[in-house]
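Got chain A; can you put chains B, C and D on it based on the hints?
Residue numbers (our numbering), protein chains in the order written: chain A, 1 to 347; chain B, 1 to 347; chain C, 1 to 347; chain D, 1 to 347.
Please note that the accuracy of each hint is not assured.
The list treats identical chains as one, so a pair stands whether inside a single copy or across any two.
[To be verified] Each computed EDC-like pair below joins lysine to aspartate or glutamate, with the alpha-carbon atoms no more than 20 Å apart: (1) K26 / E338; (2) K168 / E254; (3) K281 / D51; (4) K147 / D123; (5) K281 / E44.
In case anyone wonders, no lab produced these hints; they're calculated from the structure.
Residue-level listing of the chains:
Number of protein chains: 4
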Amino acid sequence: MKKAIIIGATGFGGCGLLEILARHSKITVNQLIAKNETGFKIGEMYPHLADFYDLEVKKFEEIDFSDIDIAFFSTPDRAGMKLIHRFIEKDIPVIDYSGDFRFNTQSDYAEYAENKSIETTHDSEEYLQNSVYGLCEKYGSDIKRAKIIGNPGCFAISLILGLLPAEKMDLNGNYTIICDSKSGVSGAGKNPGKANFYPQRYENINTYREGSHQHLIEVEQNLKKFGINQKLFFIPQVIPMTRGILSNIYIQTEKKYTTHELVILFQEYYKDSPFVKIVTKSPDLSFVRGTNYCVIRPLVDSRSGSILITSVIDNLMKGQSGNAVQCANLRLGLDETEGLMITPSYP
Amino acid sequence: MKKAIIIGATGFGGCGLLEILARHSKITVNQLIAKNETGFKIGEMYPHLADFYDLEVKKFEEIDFSDIDIAFFSTPDRAGMKLIHRFIEKDIPVIDYSGDFRFNTQSDYAEYAENKSIETTHDSEEYLQNSVYGLCEKYGSDIKRAKIIGNPGCFAISLILGLLPAEKMDLNGNYTIICDSKSGVSGAGKNPGKANFYPQRYENINTYREGSHQHLIEVEQNLKKFGINQKLFFIPQVIPMTRGILSNIYIQTEKKYTTHELVILFQEYYKDSPFVKIVTKSPDLSFVRGTNYCVIRPLVDSRSGSILITSVIDNLMKGQSGNAVQCANLRLGLDETEGLMITPSYP
Amino acid sequence: MKKAIIIGATGFGGCGLLEILARHSKITVNQLIAKNETGFKIGEMYPHLADFYDLEVKKFEEIDFSDIDIAFFSTPDRAGMKLIHRFIEKDIPVIDYSGDFRFNTQSDYAEYAENKSIETTHDSEEYLQNSVYGLCEKYGSDIKRAKIIGNPGCFAISLILGLLPAEKMDLNGNYTIICDSKSGVSGAGKNPGKANFYPQRYENINTYREGSHQHLIEVEQNLKKFGINQKLFFIPQVIPMTRGILSNIYIQTEKKYTTHELVILFQEYYKDSPFVKIVTKSPDLSFVRGTNYCVIRPLVDSRSGSILITSVIDNLMKGQSGNAVQCANLRLGLDETEGLMITPSYP
Amino acid sequence: MKKAIIIGATGFGGCGLLEILARHSKITVNQLIAKNETGFKIGEMYPHLADFYDLEVKKFEEIDFSDIDIAFFSTPDRAGMKLIHRFIEKDIPVIDYSGDFRFNTQSDYAEYAENKSIETTHDSEEYLQNSVYGLCEKYGSDIKRAKIIGNPGCFAISLILGLLPAEKMDLNGNYTIICDSKSGVSGAGKNPGKANFYPQRYENINTYREGSHQHLIEVEQNLKKFGINQKLFFIPQVIPMTRGILSNIYIQTEKKYTTHELVILFQEYYKDSPFVKIVTKSPDLSFVRGTNYCVIRPLVDSRSGSILITSVIDNLMKGQSGNAVQCANLRLGLDETEGLMITPSYP
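The following block holds chain A by itself, in its conformation from the complex (with noise of 0.2 Å):
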C-alpha cells in the first residue's frame, strides 16, 4: 500500500482526494497538512468522512517524511513553491494542484501569474525546467519519471483535451479559437465569496475574466506544443450549479471537414486514453458526474462549415483531483484507472 500524504487538505482539493483514496486499492492517505485550520480530526470539518478516516490535521513543521510514497499539494498558487524543496530533496515526487508547476520557464510563469494579479516572481525557479504538466493523455512517460506534476486546471484540461486532435487537422486561415465555457462554482473553492453566492448565482449566468482567465496561456502554451498556433478567445462562465464544466470549442478552418470525419479522427486520437470518450450525441454533465471522465463531441455545421467541440468534465475529479489521482497511480506505476473506475451518478 502506497502511503499519501496531503498538503491544503481542508480544501475541495484535499476532499475530493480524500473522497477517492477512501476507495483505492493500493494508495492510502497518512497525513493530513494544512495552514490555518489545524488540530482536529478531519470527520469534524468534513462530517461525510468521518467514518473513513480518523486522521488529525497537522501543520506542515509536523510532517513525517519517513513514510511517504507520494505527496499532494492541494493548495493555493505560490503555497507549494514555498514548501515543495523538502520533498524534492527527499526524492518524494509531488503532484501541485496550483499553477505553481505548470510551466517550464519563470517568463511563462510570469504571464500565468500577471492574469491572475499575483506576484510573478517563482521562488522554485530551478525546478521549472524539469516539472511535468499533468496531462496523462499526453505526457504519460514523462510523469511516470516526474519529480513535480503540476496539475491542470480545471478549464484548462476541458480546453486542452478538446483541442489537442486538432493537431490532426488542417488549421490554415486567420481565425481565432472561440472557447465558450460553463462552470459550475466549486471552481471558486470552499471561501464564501461572491462566485459563490447563492442569492447572486441562482437564476443567472455571467462571463467573466474575458480573454484573459489565467488558464489561457496554459492552454495556449500546451497546444503550441502539438503545432496549434491559433489564438484562443477563451471566454469563462459561472451556471446555477456546484459541479462540472462545458467547454464549446468554435473552430473555423478554410479546409471543410464533416461530422464523420472527426469523430473518426477524434476515436482514433483518444484511442488508448481510458478516460476520454468520443460522442456522436450532444454529452451533459450527467454522462461525466463524480467521474475522471472526459466526454467530447465534435461536430460540424452543414451550413458554415464551422466545427463545434463539445467538451465536458467534471471539473473536481478531471478538473482536479481525479486527474491528480490519474497522475499518481502513472508515477507510483500503478494502473492509470485505479480507484477511478467509478460510474457517473444519475439523477
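Same frame as chain A, but now just chains B, C and D:
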C-alpha cells in the same frame, strides 16, 4: 381603457400577459380563450392571479367580438394561422406569439417550419405579406399600423438586438458569426417533458439543435434587411434556471475595433430605444429579471481582435409577453413603455 | 409626494424598498444612507436600479433632515438604536428593520438579544415603551400614530399571522406548538458566508438554532397579548432557494375541529386584512413570490385530530420591505396597499 | 460471483442498482428486463453506464431463469405481484421495490393501496404472509432466509429508523407524533410530470397528501411491532433538489428526557447497524449524498421538553437501491456492506 382578449390564455405566455396587464393603466383584459383547458376561472389554474382576475377561460366559439381593441394570440405554432382571419375581418389588430406571422413569404415560413419539424404549408398565406415582425426597435412605425404583428422568438430577439448595430460596422471577411446562447427552461413552455425535467436539468447543461434551431432563420432574415449577410452558427443551450437568456455573439472582422468604439456605436444606435441598455461591465440576468429590458455589452478581445457581444433578456418578458405588450402599446397609440416600467427584482 | 430616506440603503432591505418605491405613486426616495459603502450612485452597486434612481449613497453625517416624511432604517441589530433619536427629535417617524424596537421592555429585548448572541443592553431604552410592533393586521391604528415602528422578523410574521386566529380557538391541554419553518437563503442578508454558500446549499437542507432562534421570543410575546400562551418549539431550516418562507405550524388540542370550521374561522379573522389570504388547497411560494401577501391554509388531520397551519410569504416582502411599506402607508395616511398591488410572478 | 437480474431496469431504481453493482465485488448484473422500453443497450438510454454494461434490455418473456441468484424488481406498484411467482417457484429470492410485498396481510395492503389510489386486491396474496420487510436493521435474520423482500418506501425508512429507538422510551400521554419530511423530486421517478416540473419546483416548496401519504401505514405497521402505538401525522413536502430526504420527527412525552440521554439511547440502539449513524450536531444531506447511510440526530428542546429527531437519507440509496443491495448482501450471505462503502460526495 383598451380591451384585450387573450387566445391561449393558460400557457406561460398568457400568464405573463395577465401579470403585466394587471398593472397596466390603459389596457385591461376582458376575455380569456383556450383550446382544451376551459370552463374555469383563471385563478383556479393560477392561484397567484385569483385576486386580480375574475375571468373564466372560454372556448374560441364563445368569443364576443364586439368589445375587443386588441387580440393576443399566445398560442403555439399553427394555431393562430387558422383563426386569425376572424379578427382581421373585424379590423381587430392581432399580436401572434408563434412563428406563424414572423415571415413575409411562404418560402421563408417553410424553412422555419422545416427546422421545427412542423408542416410547411401556411393556412393564411394571404396575410403574410402585410404582417409585421414585432421588433419595436426597428419597425415601430409599421407596428403602429399593423393588422398582424408576429412577436419575435426569445432567442431570436436576444440575437437580433445584439447584432443589429453591426449594420454600422465593416464586417468584411469570410467569417461565420457564432451565437452561443444559454436559456432557462421556461422557454419550453408549461408542459412537463424532457426539457424541463428537474432531475435532468439540475447540475447540468447541454447544447441542442446545434445550427438548426428554428430561430436561426428568423435572425438571418431580419439581419439581411439591414445588410448583415454573414452566416450564423447558433448553438442554444439549457442551463439550470427557469427564466432568462444570455447570448454570447462572437464576430471576427478584418477591420479591428476597440471596445470603446463599439460602446459608442451601440449607444448611438439604441439611443431612442427605451428598453435596450448598453453597458460596459459584464451584465447578468439580475439586470433584466422580470422586466422588458435587453442589456447589451460589446467587448473587443485585445489579443485576438475578436468581438464578443453579450446580450441578456428575460425570455418571458422581452423574449415574449413584455415585448408583446410593447407592440400593443405602439399599436394602440399608447406610450411604448406603459405597464412595463418595473424594476428588476433582486436578489 | 411623501419623501423617504433609507438608512442602510445598500443591503437587501434597502434594495427591496427601492424596488417597491420605484412603483409607488405617493412615496419617493430622496436620500440614501449607509455606514461603510458610500460615495457612489446606487446604480453602480445595483445595476438593475440604475435607470430608476440617480441617488448617491451618503454618510449618516450628510443627512438633510429638512425634507423627510418618513425614515426607513433597513439596518442590522443595534444600528438604529444609536441613531434613531435624531429623527424622533424632529418628529420624523421611523420604521426600523431590526430587533431594536420590536419589544416594549428592556428585559424582553435582552432575551431576544441573548438568543442572537448580541449585547443585551439597549441604547434607547426610553423609546421602547412607545414603539409599535409593525404588525399591520393587528396594530394598524397604533401604527398610524407611531413614532417608531419595529418591522417584524421574517419568520416571526409568518408564524404570528398563522397563529393569531388561534385566539378564537380553545387551545386547552398541555401541548407544545411545533413551528417547522423553511426559508430561502436571502434571510441571511447580502454578505457571503456559510448560510448562503452555493456548494453547501444546493441539494441540501438543514435545521439550525432549533428552539433558540431569536424570532421565537418575538412570536411568543405577541401571541401572549392575544391570550395564546402555549410554548412554541420553533425549528428554522434553510432550503435551496433564495426567496420565500413556508411555515408548518402543528397544533394539538383537546377540543377537536374540522378543516371547514377552521377555514371559516380564519377567513372571518382576516376579512379586513388585504394581504392575508386563506386558501383550502396546499399553497406554495409561487402564490406570494415578489408580493406582500401571506397565504394561509388551515387543515385538520382526520386520523389524529392534529391541526396543520401552513403559512407562506416572500421573506423579503411581507417578511421585510413589503411589510415596511405597508406600515409606511398606514403611518402616512395613505391607502394601505399603495405600491404593493403587484401580482406574483410565475413561473 | 452472484448473478442478478433487474426487472424494471430502465427507471431510477434500476439505474441506481446498476451504479452500485458496477462497483460490487460479489454481485454482477447479467440480465435487464423492462416492460415497454426494450430492445436496446442500456448505455443508449443511460450514456453514463455505457462503459460499464454491455447488456441489452429485454422483455419479461426473454428471461433466462437458469442463471439467476437474485432478482431485483425495481418496478412500480402491482407489477411485481403478477410476475414474482415465476421466481419463487424456481427458488430465486426476490427483492421488490414497490408496496406489493411490504405488508403481511391483504387488509394492510388494501389500506396502503387505497391511500395510493390504486386497486386494493392483491394478485399474490399467498406470498404476503412470508414476505419480509426489508428493514435490515431489525429483520436481518429473516431477510437472510426470505423468499420475497419488500424494499421499504423512501419516506418510510427515514421515519422508521428515526422512530424505532423510541421503543426504549416511555411514550405515555395522548400525543400525536408529527413527521415533517422534505424530499427531493427524484422520489417521483423518471417520468416528467407536475412533481418534477422545473418551473414549478425551483424557488418553491409545498406540502402534499398531508396525513394520507401511502407510506404512513407502512411506518405505523412496523412501529406497532415494537410497541410504538402513537398516531402519526405525516406531512411530506417537496423542495428544490433532486436527491435526499430530511425528516423532522416531533415527539411530545410526559416523561422528560435530556438530549444526552437520547443520544446514548440511540447510539446503543444502533450500535450494530453499519449504516445508521447517530450525531449530535445538525446533520445535512451532504452527510449521506450518494450513500446508504441514515444519519440521525435526537434533540430535546429545553424550553418545552419536546423531542426533535432529525433523520437524513439519500432517497435513491438508503431510500431505494442502496437498501435493496444491503438486503441482497444479507440474503446472499455476503458482507452486509459490500459494494456500499463509498464516501458521500462533497460538495
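Hint-by-hint comparison with the structure:
In this assembly of identical chains, K26 and E338 lie within 20 Å of each other by CA distance both inside one copy and across copies; the values are 8 Å within and 18 Å between. In this assembly of identical chains, the alpha carbons of K168 and E254 lie at most 20 Å apart only when taken from the same copy (15 Å versus 27 Å across copies). Proximity of K281 to D51 under the C-alpha cut-off of 20 Å is restricted to the inter-copy arrangement: shortest distance 16 Å between copies versus 40 Å within a copy. Taking the shortest Cα distances, K147 and D123 sit within 20 Å of each other inside one copy (17 Å), while across copies they are farther apart (64 Å).
Within a single copy, K281 and E44 get their C-alpha atoms only as close as 43 Å, which misses the 20 Å cut-off; across copies the closest is 10 Å, which meets it.
The structure is consistent with each of the numbered hints, conforming to all of them.
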